[in-house]
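A.B. asks: Here is how the chains run, residue by residue.
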Amino acid sequence: MNVRKAGWWFVAPAVIVLGVFFFLPVLAALAMSLTDFDLYALSDSANLRFVGLQNYGRLLTEPLFWKALGNTLYFVALGVPLSICASLGSALLVNSKLARFRNVFRTIFFAPVVTTLVAVAVVWRYIFHTRYGFLNYGLSELGLAPIDWMGDPHWAMPAIVILAVWKNFGYNMIILLAALQSIPEDLYEAARIDGASGWQLFRHVTLPSLAPVLMLVSILTMTGYFQLFAEPYVMTEGGPLQSTLSVLYFMYEEGFKWWSLGRASAVAFLLFVLMFAVTALQLRMGRREVSA
Amino acid sequence: MKRTLPTIAVNTMLVVGGALVAFPLVWMVSVSFMPRGAASTFPPPFFPVDPTLANYRELFANHSAGRYMANSALVATIATLISLVINTMAGYAFAKLRFAGRDRLFKLLLGALVIPGQVTMIPLFALVKSLGLVSTYGGVIVPSMASIFGIFLVRQYALSLPDELLEAARIDGASEARIFFSIVMPLLKPILVTLAILTFLATWNDFMWPLIVLTDQKLHTLPVALAGLSREHVQDNELMMAGAVITVIPVLALFLAMQRYYIAGILAGGVKG
Numbered sequence: 001m002n003v004r005k006a007g008w009w010f011v012a013p014a015v016i017v018l019g020v021f022f023f024l025p026v027l028a029a030l031a032m033s034l035t036d037f038d039l040y041a042l043s044d045s046a047n048l049r050f051v052g053l054q055n056y057g058r059l060l061t062e063p064l065f066w067k068a069l070g071n072t073l074y075f076v077a078l079g080v081p082l083s084i085c086a087s088l089g090s091a092l093l094v095n096s097k098l099a100r101f102r103n104v105f106r107t108i109f110f111a112p113v114v115t116t117l118v119a120v121a122v123v124w125r126y127i128f129h130t131r132y133g134f135l136n137y138g139l140s141e142l143g144l145a146p147i148d149w150m151g152d153p154h155w156a157m158p159a160i161v162i163l164a165v166w167k168n169f170g171y172n173m174i175i176l177l178a179a180l181q182s183i184p185e186d187l188y189e190a191a192r193i194d195g196a197s198g199w200q201l202f203r204h205v206t207l208p209s210l211a212p213v214l215m216l217v218s219i220l221t222m223t224g225y226f227q228l229f230a231e232p233y234v235m236t237e238g239g240p241l242q243s244t245l246s247v248l249y250f251m252y253e254e255g256f257k258w259w260s261l262g263r264a265s266a267v268a269f270l271l272f273v274l275m276f277a278v279t280a281l282q283l284r285m286g287r288r289e290v291s292a
Numbered sequence: 001m002k003r004t005l006p007t008i009a010v011n012t013m014l015v016v017g018g019a020l021v022a023f024p025l026v027w028m029v030s031v032s033f034m035p036r037g038a039a040s041t042f043p044p045p046f047f048p049v050d051p052t053l054a055n056y057r058e059l060f061a062n063h064s065a066g067r068y069m070a071n072s073a074l075v076a077t078i079a080t081l082i083s084l085v086i087n088t089m090a091g092y093a094f095a096k097l098r099f100a101g102r103d104r105l106f107k108l109l110l111g112a113l114v115i116p117g118q119v120t121m122i123p124l125f126a127l128v129k130s131l132g133l134v135s136t137y138g139g140v141i142v143p144s145m146a147s148i149f150g151i152f153l154v155r156q157y158a159l160s161l162p163d164e165l166l167e168a169a170r171i172d173g174a175s176e177a178r179i180f181f182s183i184v185m186p187l188l189k190p191i192l193v194t195l196a197i198l199t200f201l202a203t204w205n206d207f208m209w210p211l212i213v214l215t216d217q218k219l220h221t222l223p224v225a226l227a228g229l230s231r232e233h234v235q236d237n238e239l240m241m242a243g244a245v246i247t248v249i250p251v252l253a254l255f256l257a258m259q260r261y262y263i264a265g266i267l268a269g270g271v272k273g
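Chains L and W, in that order, give the protein sequences.
69 is the number that this note's numbering gives to position 69 of the first sequence; each next residue is one higher, with no gaps.
161 is the number that this note's numbering gives to position 161 of the second sequence; each next residue is one higher, with no gaps.
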């Protein structure tokens, strides 16, 4: 067997699996979003009708879809910057030469990343408990009034943001830590000789060196946060007053509660287009900043 | 000593931050050993006054926790083994075997990394249903049998294998399969360990797809079962914490044991952009 043929044999299983269970469904999602695919069509495809852009049209006039979209954007807009700040802060601390037991702290900060989202959402729901939760106990010790985290539409989404930041910041911390360690020591030396203060070192040496990596991690975090689902599913079931209903949760309910699979595919596609657009915008803004 | 104040500040922030981050997990374990109702008091107790295993006993005796745990372990193990073989073969081929259309195919795969898996979920369900795999272990496993990220990870590592070694084996008359299994696989061991851990943890923790495809409760994985249980037992905090412990501890232990490999994987993946 020659090498050329062998190459194809080696990639064939991967190509078949990805083709059938990834690329085909992506194309099928687009096709399905143009039909009224429902429970009847699932049992017999003769019941399938082509409806053109009707699913999209209906979605864009449905208040609940806009609500879900707004909630998701709120989660992203609040969660991404907070996560990046936590990641950067912890990376700087763990990287500091003054710090002791750096590996221990690195492991602690990273541990939430590997935990099961559903399980820690259950734990945090208890921490947020209005009467017996530790968070309100902490607030009462500070002399503040308790917050009805899971029951107040204004607080439910911030609560989910707290969980998401806690769960995810360690991942970017590891990436930023590696980037910090690759900044040449000479840059700091030179700046110190010029009399730069600690803050100036951070502002004019560390931050610019990290800029490309910060861009990367914020895009990765953002695309991850657009896919909010398990947290509201476990903690709030999308409530109270639909204040934590995310786009993906909306898709799940359309698809697997009401079995409007055509409409659900349209939701999935709109989410994908939105993520793509925001990523492209962020990349473009990033480039301008670097060239400016 | 001018250095003292910053040293104290940095270390204090680390200790406070570490305590805050570790707190939910520590409290989870602590409350799971409290008797029913003990955690529903104010102020919330930190340590169990009267430690008990009752919650764990109830989980395994009345809520089939053992079964869900076995389901999770089975699904994660099989998915890991299959995807490891498929991704390694492809990753090695993309790195070391020249074949027609190779670079174009690889670019196509990399481009597809931007497509979130959720876009495929609805048609995937229809597909899995038409294959008769709804509510089977197979249905949960099929979409994770190969991953673009896994192929990418192996390829990056395999690029560093010396071509002379492979050529020498070919001249000696070894078949491509033989070269792969007895020369390439052993050399790829570190990245295979990394990939195995990443895949195992991802499958164990996965929620949305198993939730959709496993309609039969007997086949539920731990996260799906725990989500269901937590909706029925909203007030039983101690029981829920025990459920969270048995879900989280296996993966946390695996991570702590294999930390080095796991972090290597993240860094290899993180520089892909």
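To be clear, the hints were calculated from the coordinates, so they are not data collected in a lab.
Hints are supplied without guarantee of correctness; some may be wrong.
[Stated by the list, open to error] Covered by chain W, per the in silico footprint, the following chain L stretches (three or more residues, Cβ under 8 Å):
| id | stretch |
| --- | --- |
| 1 | 20 to 29 |
| 2 | 64 to 78 |
| 3 | 125 to 139 |
Yeah, the Cβ is synthetic: ideal placement off N, Cα and C, and Gly gets one too.
A.B. asks: Confirm or reject the coverage of the stretch 20 to 29 of chain L by chain W under the rule of 3 or more residues with a beta carbon closer than 8 Å to the chain's beta carbons.
C.D. replies: holds (count 9)
A.B. asks: Do three or more residues from the stretch 125 to 139 of chain L put their C-beta atoms closer than 8 Å to C-beta atoms of chain W?
C.D. replies: It holds, with 9 qualifying residues against the three required.
A.B. asks: Three residues or more, CB to CB closer than 8 Å: is that satisfied between the stretch 64 to 78 of chain L and chain W?
C.D. replies: This one is violated; 0 residues, fewer than the three required, reach chain W with a Cβ under 8 Å.
Hint 2 alone, counting from the list given before, is not met by this structure.
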